[in-house]
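K.L.:
The lines below spell out each chain.
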Amino acid sequence: MPTPVIEINDISKRFVIRKEKSLKERLVNFGRSNLHKDDFWALRDVDLTIESGTTVGLIGPNGSGKSTLLKMISGILQPTSGSVQLRGRLAALLELGAGFHPDLTGRENVYLNASILGLSRSQTDQYFDAIVDFSGIEQFIDTQVKFYSSGMYVRLAFAVAVHVDPDILLVDEVLAVGDEPFQRKCMDRIRGFQQEGRTIVLVTHALDQVAEICDRAVVLEHGSVVADGPPRDALQVLRKGFEQTRQDDLERERASVPVAAERPHAVVERVEILDAQGTVTTAVEADAPLTVRVHVSSRDRLEGWIVGFGLETSSGQTIYGTNSRLLGVSLPAVTGQAAFDFSIARFCVGEGSYTVHGAVADSTGAELHRLVEGTSVRVAANGSEVGVVHLGATLAPASA
Amino acid sequence: MSHDHESRSAHLASLELRPAGPRAGFLRGTIQSVRDIWAHRELLDLLVRREIKARYKDSILGFFWSLAKPLALLLVYYVAIGKFLGAERVPGREGGIPEFAIFIFTGLTAWQLFSDIILGGTGSIVANAGLIKKVYVPREVFPLSVLGSSLFNFTIQLGILVTATVVSGAFPLGQRWLYLPLALAVLIVFASALALLLSAVNVYLRDVQYLVEIVIMILFWGSPIVYSWGLVHTRLEGSLLDTLYLMNPMTLVVVAFQRVFWVGGDGEATPDSLTIRLLVTLGISMLLLWVSQRIFARLQSNFAQEL
Chain A
1 MPTPVIEIND ISKRFVIRKE KSLKERLVNF GRSNLHKDDF WALRDVDLTI
51 ESGTTVGLIG PNGSGKSTLL KMISGILQPT SGSVQLRGRL AALLELGAGF
101 HPDLTGRENV YLNASILGLS RSQTDQYFDA IVDFSGIEQF IDTQVKFYSS
151 GMYVRLAFAV AVHVDPDILL VDEVLAVGDE PFQRKCMDRI RGFQQEGRTI
201 VLVTHALDQV AEICDRAVVL EHGSVVADGP PRDALQVLRK GFEQTRQDDL
251 ERERASVPVA AERPHAVVER VEILDAQGTV TTAVEADAPL TVRVHVSSRD
301 RLEGWIVGFG LETSSGQTIY GTNSRLLGVS LPAVTGQAAF DFSIARFCVG
351 EGSYTVHGAV ADSTGAELHR LVEGTSVRVA ANGSEVGVVH LGATLAPASA
Chain B
1 MSHDHESRSA HLASLELRPA GPRAGFLRGT IQSVRDIWAH RELLDLLVRR
51 EIKARYKDSI LGFFWSLAKP LALLLVYYVA IGKFLGAERV PGREGGIPEF
101 AIFIFTGLTA WQLFSDIILG GTGSIVANAG LIKKVYVPRE VFPLSVLGSS
151 LFNFTIQLGI LVTATVVSGA FPLGQRWLYL PLALAVLIVF ASALALLLSA
201 VNVYLRDVQY LVEIVIMILF WGSPIVYSWG LVHTRLEGSL LDTLYLMNPM
251 TLVVVAFQRV FWVGGDGEAT PDSLTIRLLV TLGISMLLLW VSQRIFARLQ
301 SNFAQEL
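The listed protein sequences correspond, in order, to chains A and B. Its first residue numbered 1, the first sequence is counted upward by one per residue in this note's numbering. Its first residue numbered 1, the second sequence is counted upward by one per residue in this note's numbering.
Extracted from the complex, chain B is given alone in its bound form:
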């Protein structure tokens, strides 16, 4: 704070005039947006911490609660579907899914990240209305902060999953790990694209958040999480629906996750050329992310008055 009158004035004279608020333009706007967000990475970091710290702040068990939900789901699915509906492979009986608990928890871990990003992201702009109306920061930081805190949760869940594989004596080894970064990239890019878009649309049409909750529930059953992909494949057998089913990015992500962690399922049916499919999906998702960001940038100019 040592500037005096003259030197500050001289310094300012050397600067270009810049427009207030976000820039228009398709390509240049994108570069500017990325630069703006990068300049606010410390804020992003603090917002992520805020979400994580504030979430279970006053509960005695604290962070345990964020694990309780997936563990409860695991228990429910394992007992209800694995045992009662007989989806689990038991010795001496035909069919079923081997290592059923690991199988389900793998799918749930990937799915939890996806639904956290989408559900949290969709509401993120509305939830931060107070801030958006009073301060200008690149608004993308709010959906992105949800991404950050969701990833934190995911990391812990992933830790449990890895521990579980060790305990069950089938720790995944070798090249199969290569699927993980690829699948994770698809998941994050795809979910971020949707979260950005939905968060902006939700400002104008609050119905979106309720719709999203329902769609997420349907999509959960539309991905091979509690049943195996092989099961779907044998029913549909190369029909158009089968292709469509495989075009769901989350199907690919979940299958890829299972390829990594579900060692017991090595002999089971998997889609062919999974890597190519993932790469193509990643490309499309990136395109989608870019388009979403542009739509977001266009819609955000009226956020403050619509909230």
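Just chain A, same shape as in the assembly:
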């Protein structure tokens, strides 16, 4: 039976934003000080239980309270109400190289930083060579860190961080550091942690990373949990949210900027998949011909415009996209309803579920509207391949 290692009961966090700071302002506004305070709820009634051995991704737009939640789990911030309970040793990597002192050498900083992250001196002695080896900067270990390049600094800091020995590891957007080989090393290390049964809570904006390494994702928005479950589902919710925000921004821009008023109004009403017989479907065979039909409606007359569609995997990775400009087709001027067919002779896509989006753009290429989940399509194949493309490979002895 899995053991809960983090229990978050109904926590809320309120920040008071004061607009005055100096004594003079406080005296002048004394008695009316409530007028100069703003409450901001960074988190509201968040309830979470995290079991041992799971890797949980905390995702959400900027300012949704992810980092605040992480800080509360680590004890840096105290909740306004509710409680956070823990089991086991916890290490928080909220910033790489926290406590590095520029005037000390790399060696001295390793000991200091390790101690801050909860390693004892004898443990650090034991891991020291491994840490230096991992960082790959043996040569400079006795140099003051203020002479380090930013890459070296981060490498050393990360090397210390991955050698801590916690039961719970909190990570805040610090994985994407260093060059590519180093990043790969970091991800391997995280997988090692997972195998050792450590619990990892990860805040990140790299959504494909979440899909890759997490068993569970929690989406926060305006301080509340809006989705909690397998990464795929959670990512879909988040992407929808992002799309909504983008549409709202677009809408606002249209309303506020007079120049934007020149941008015509047009929306993608729906997207359909049609099979060879011309019937609407959501399930197709790999390699079969199909048609993607994009229905557009516009209030204004559209001229020199662009229509397109795209295909995404369920974790949100785009695998295909095209539009009328790329295809070299100029569209007729349109007012009101219209539909366009993208014909695909052989749908060479691997087995799985995909979402299809449709989009319209004006003549400059600026997007007017995008229907994110226009439709979905399930591709069935004979199970002889994995991956997102269907190549239909066959195997035979090489004819020498």
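Quick caveat, the hints were computed from the structure, so don't treat them as lab data. As the structure is a prediction and not an experimental result, all values here were calculated from the model. Even glycine gets a Cβ: it sits at the ideal position worked out from N, Cα and C. A few of these clues could be false.
To be verified - Selected chain B positions facing chain A (Cβ under 7 Å, derived; list incomplete):
hint	residue
1	Pro19
2	Trp38
3	Leu274
4	Ala304
5	Leu307
Chain A is already provided as a structure; the job is to place chain B on it using the hints.
P.N.:
Frame of chain A; chain B shown alone:
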């Protein structure tokens, strides 16, 4: 790192849930705080080393500079007050303080420790803001690390003082040394209590650090460092002010230090029942330390968002 999935899970299942961050509660909270700090003693040690190592890291004379200040002060006071204002006892003239250089350096040594702890401690939380916002460690370690590095400085200064007594041919001997641990205990406990409290308050009200600088300067002249206690005593002569003056913990500490190192001042006036006074002050200071720690624990929950 040999735990596998199952054994780690089983191990964790055997543990009690504990709240994240510092605990509330008055008495149990204190015990927990002390335990937390004790668990972080290695970190404390490293932080002290960091302060000491980093302080004069790139200067050529390095550690000499931490001695230069008290030595310069000694010179200034010795010349200006001892010679020009005539506070030093010279043969053939009535009054004055015997062994004036030793006298002043004794007071300065004690005072330097006190002001280092208070001034360094007050700013310690704000100075470590980067760390406090990103990692949870018991925040008491920051004022305490200042205490550590101040003690290191003090030890060196004390070494110079002892050398000076040897050179002047009046090395203190016998029971008088018993005052030293007692006075030092009062100084450390009292200064730590203030440093803890001020460091926490300073987070919310940054004006505190400027205020403290001024108060420390006033208190310097409110303790018998450059003038003798006898001088004050003869002026005030048992009045309320005299009692108040003696209630200043630093007065007692400085006088006790002088009783140890200022052999030349043996015949001079000293407060009666100094030991009792020191013991009472120590008791009060410990109480103060406890209260400060509790206030600190209460205030620290919002450090990360106020910094």
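K.L.:
Holds or violated: is there a CB of chain A closer than 7 Å to the CB of B/Leu274?
P.N.:
41 Å, violated
K.L.:
Hint validation: B/Trp38 versus chain A, beta carbon distance must be below 7 Å. Holds or violated?
P.N.:
For B/Trp38, the interface hint is violated, since the closest Cβ of chain A sits about 13 Å away, which is over 7 Å.
K.L.:
Identify whether the interface hint at B/Pro19 stands, where standing means a beta carbon of chain A within less than 7 Å of its own.
P.N.:
At 6 Å from the nearest chain A Cβ, B/Pro19 passes the 7 Å test, so the hint holds.
K.L.:
Against chain A, with CB atoms and a cut of 7 Å, does the hint on B/Ala304 hold up?
P.N.:
5 Å, holds
K.L.:
Grab the minimum C-beta distance from B/Leu307 to chain A and call the hint holds if it beats 7 Å, violated otherwise.
P.N.:
Not OK, violated: B/Leu307 not within 7 Å of chain A, min 11 Å.
Checked against the numbered hints above, the structure breaks hints 2, 3 and 5 and satisfies the rest.
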